[in-house]
Amino acid sequence: MTAKEKRSQQGQLRQKSHMPEKSLFFEKVIPVLLAAMTILTVLLISFGVAILLGLINI
Amino acid sequence: MQMSIQLFLPFITTVVMLVFTVSVLKRYFATRQLQNLFWGIGLAMFAIGSFAEAYLALAWNKWVFFSWYLFGAILTAAWIGQGTLYLMVRKKWREKVTWVLLAGSLAAAYLLLQTMPELDLEVFSTDVAISEQYRTKEIKEGSEIPTEAKTTTVVNRDGQEVTAVRGLLPFDAPIRTTTPLFNIYGTLTLVGGAIYSAFLFWRKRVMPNRVIGNMLIAFGAILIASASSITRLGYGQFLYIGELLAGVIMFAGFRITARPQVGEAPSAAE
Numbered sequence: 001m002t003a004k005e006k007r008s009q010q011g012q013l014r015q016k017s018h019m020p021e022k023s024l025f026f027e028k029v030i031p032v033l034l035a036a037m038t039i040l041t042v043l044l045i046s047f048g049v050a051i052l053l054g055l056i057n058i
Numbered sequence: 001m002q003m004s005i006q007l008f009l010p011f012i013t014t015v016v017m018l019v020f021t022v023s024v025l026k027r028y029f030a031t032r033q034l035q036n037l038f039w040g041i042g043l044a045m046f047a048i049g050s051f052a053e054a055y056l057a058l059a060w061n062k063w064v065f066f067s068w069y070l071f072g073a074i075l076t077a078a079w080i081g082q083g084t085l086y087l088m089v090r091k092k093w094r095e096k097v098t099w100v101l102l103a104g105s106l107a108a109a110y111l112l113l114q115t116m117p118e119l120d121l122e123v124f125s126t127d128v129a130i131s132e133q134y135r136t137k138e139i140k141e142g143s144e145i146p147t148e149a150k151t152t153t154v155v156n157r158d159g160q161e162v163t164a165v166r167g168l169l170p171f172d173a174p175i176r177t178t179t180p181l182f183n184i185y186g187t188l189t190l191v192g193g194a195i196y197s198a199f200l201f202w203r204k205r206v207m208p209n210r211v212i213g214n215m216l217i218a219f220g221a222i223l224i225a226s227a228s229s230i231t232r233l234g235y236g237q238f239l240y241i242g243e244l245l246a247g248v249i250m251f252a253g254f255r256i257t258a259r260p261q262v263g264e265a266p267s268a269a270e
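Protein sequences appear in the order of chains A and B.
Sequential numbering of the first sequence, starting at 1, is according to my numbering.
Sequential numbering of the second sequence, starting at 1, is according to my numbering.
Careful: at least some of the hints might be erroneous.
Derived SDA-like pairs: lysine to any residue, alpha-carbon spacing no greater than 20 Å straight-line [unchecked claim]: (1) 28/A <-> 204/B; (2) 28/A <-> 199/B; (3) 204/B <-> 128/B; (4) 204/B <-> 19/A; (5) 22/A <-> 204/B; (6) 150/B <-> 138/B; (7) 204/B <-> 17/A; (8) 204/B <-> 23/A; (9) 204/B <-> 33/A; (10) 140/B <-> 162/B; (11) 140/B <-> 54/A; (12) 140/B <-> 230/B; (13) 62/B <-> 111/B; (14) 140/B <-> 172/B; (15) 62/B <-> 140/B; (16) 140/B <-> 166/B; (17) 91/B <-> 163/B; (18) 28/A <-> 209/B; (19) 28/A <-> 206/B; (20) 140/B <-> 50/A; (21) 26/B <-> 41/B; (22) 62/B <-> 128/B; (23) 28/A <-> 212/B; (24) 204/B <-> 18/A; (25) 62/B <-> 114/B; (26) 140/B <-> 56/A; (27) 150/B <-> 128/B; (28) 62/B <-> 115/B; (29) 204/B <-> 24/A; (30) 22/A <-> 199/B; (31) 140/B <-> 103/B; (32) 140/B <-> 57/A; (33) 204/B <-> 57/A; (34) 22/A <-> 209/B.
It is worth saying that the hints were derived from the structure and are not from the lab.
Excised from the complex, chain B in its bound form (with noise of 0.2 Å):
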């Protein structure tokens, strides 16, 4: 049954998000519009981190992994909020922001690249969701050591050596401080730009599509923002689910808020 959950969510959010992608890319191609660009560049990632997650409850590939990590665990939000960003803010800001994302996500994929060979893969289990698997999680004092669990011992960062739960990251290892860097930009773009959008459309008495719309979209973000901080906590069983509804709930944002208006004239996507 876990086995299946963990292969079958990945998968059914794995073709939402490349539906939701698709949809997203093609208004680009009719609008040229940069901020549908940088969506459908981050729903892309989306994808490819709910096909990784798939995959890797089948087999082990440290490529699939190594994507998982980038893209569904440290770049999504930030791409997908830069497109929010292309929205809210001057030309001038815009353009030197993407440079600087652009810098990080390489400066993101070089760290990992650097830590892939210290990768601890005899602690890889396909019958174990890869969000509980994938870091090495220090055992704190009173806390009972999981049965079957395959410990190490670690120095911690008040200089103590404690006993660890081996994961397949290395402890500490420097990779791990990008993720909040990325998602605190992604989440205060994504979701401040969806919570500000909604509210200067409902402070106006117009156009209730794009209140609801932004209001879907920001709390898609906020389920998986939500999902992903619980699983940094170490309960990784409600990242799948999480992002299969977060999925589902900003494409449904995104259509109502891209639906054209009685009297509006129509998307050229649409």
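Just chain A, same shape as in the assembly (with noise of 0.2 Å):
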């Protein structure tokens, strides 16, 4: 194998293993898919703490 092929090779080595650059869905979507599954994570958690203390009478 070449020089050029294996810096080749590996630039698409590197490509697959991080993240594409410049890309809406990573650099965007995500972020705010990460924020909103965080809200409602705590969200269920208070919900079940309130049925814990007895705040929420089910």
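Combine both chains into one complex, guided by the hints.
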């Protein structure tokens, strides 16, 4: 394998194990989804705690 | 139609969860990583819970109900979450927490065993999903009593005598206080762990498969936690579809996360 081919292969490997650059999905959508899921998780846990403490009577 | 949905949705979920469980346990036997063992145990509990739902749409069996409530309603999330904990915290702590979880699980099983002789079997019907008939529900002031509902009088937490729709479990059975306890822990470790892992990979800009896989695992777990919370509020009809979607999404997330990246050593389980 020539040095040029080796460099090209390494570049391809790096690209696949790293996030694509300037990707709207990874730059914008993922952080919004992560934040939304964190909020939902906090709400679900708060609901469980409220039941445990008897604040929600069901 | 209702009958077929409450039979087939849990049955399909059972098949999905069994395939998922075998996949995770195969990974454990190949790698001996304890997180895979705990995930496998938790997923097997999920499968048992789904199978119990399908069975209870056909006939009554008190031990199947016992399995449904213990594994399906109480323990599943906590045991799957325990696997995630093994990835997140130091060995010393995770072993201690495992002993606490084991002791708590045994205590829950004991409490449920104590409740079994008090089950109100007269109200059981194969025509209604078990998630809609397991609890005795207080009728709030101004609410209508459903037609054909069997009612009783109970004393609520405020010490007032109120009308309640009879369910299998007695009103205010102590075992019901254990479900939020285990599910809070399960949600915190399973969903919190998956979101945190996804965030770490995203911040380092590496392993996009693990970012997406962990997000799918978190989303599936949020879905089942939401369906369980809605069931607790008295709307049990969403539980079965929530379980099926959660199982499929979490399995997809697991497969994507476990997929070796180019340049990464292939996983021993693949």
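Hint by hint, here is what the structure shows:
no.: 1; hint: 28/A <-> 204/B; result: holds, 15 Å
no.: 2; hint: 28/A <-> 199/B; result: holds, 13 Å
no.: 3; hint: 204/B <-> 128/B; result: violated, 49 Å
no.: 4; hint: 204/B <-> 19/A; result: holds, 9 Å
no.: 5; hint: 22/A <-> 204/B; result: holds, 15 Å
no.: 6; hint: 150/B <-> 138/B; result: holds, 12 Å
no.: 7; hint: 204/B <-> 17/A; result: holds, 11 Å
no.: 8; hint: 204/B <-> 23/A; result: holds, 15 Å
no.: 9; hint: 204/B <-> 33/A; result: holds, 17 Å
no.: 10; hint: 140/B <-> 162/B; result: holds, 8 Å
no.: 11; hint: 140/B <-> 54/A; result: holds, 16 Å
no.: 12; hint: 140/B <-> 230/B; result: holds, 17 Å
no.: 13; hint: 62/B <-> 111/B; result: holds, 15 Å
no.: 14; hint: 140/B <-> 172/B; result: holds, 15 Å
no.: 15; hint: 62/B <-> 140/B; result: violated, 30 Å
no.: 16; hint: 140/B <-> 166/B; result: holds, 14 Å
no.: 17; hint: 91/B <-> 163/B; result: violated, 50 Å
no.: 18; hint: 28/A <-> 209/B; result: holds, 17 Å
no.: 19; hint: 28/A <-> 206/B; result: holds, 16 Å
no.: 20; hint: 140/B <-> 50/A; result: holds, 18 Å
no.: 21; hint: 26/B <-> 41/B; result: holds, 12 Å
no.: 22; hint: 62/B <-> 128/B; result: holds, 16 Å
no.: 23; hint: 28/A <-> 212/B; result: holds, 14 Å
no.: 24; hint: 204/B <-> 18/A; result: holds, 9 Å
no.: 25; hint: 62/B <-> 114/B; result: holds, 13 Å
no.: 26; hint: 140/B <-> 56/A; result: holds, 13 Å
no.: 27; hint: 150/B <-> 128/B; result: holds, 14 Å
no.: 28; hint: 62/B <-> 115/B; result: holds, 11 Å
no.: 29; hint: 204/B <-> 24/A; result: holds, 17 Å
no.: 30; hint: 22/A <-> 199/B; result: holds, 18 Å
no.: 31; hint: 140/B <-> 103/B; result: violated, 36 Å
no.: 32; hint: 140/B <-> 57/A; result: holds, 10 Å
no.: 33; hint: 204/B <-> 57/A; result: violated, 44 Å
no.: 34; hint: 22/A <-> 209/B; result: holds, 17 Å
Checked against the numbered hints given earlier, this structure breaks hints 3, 15, 17, 31 and 33; the rest are met.
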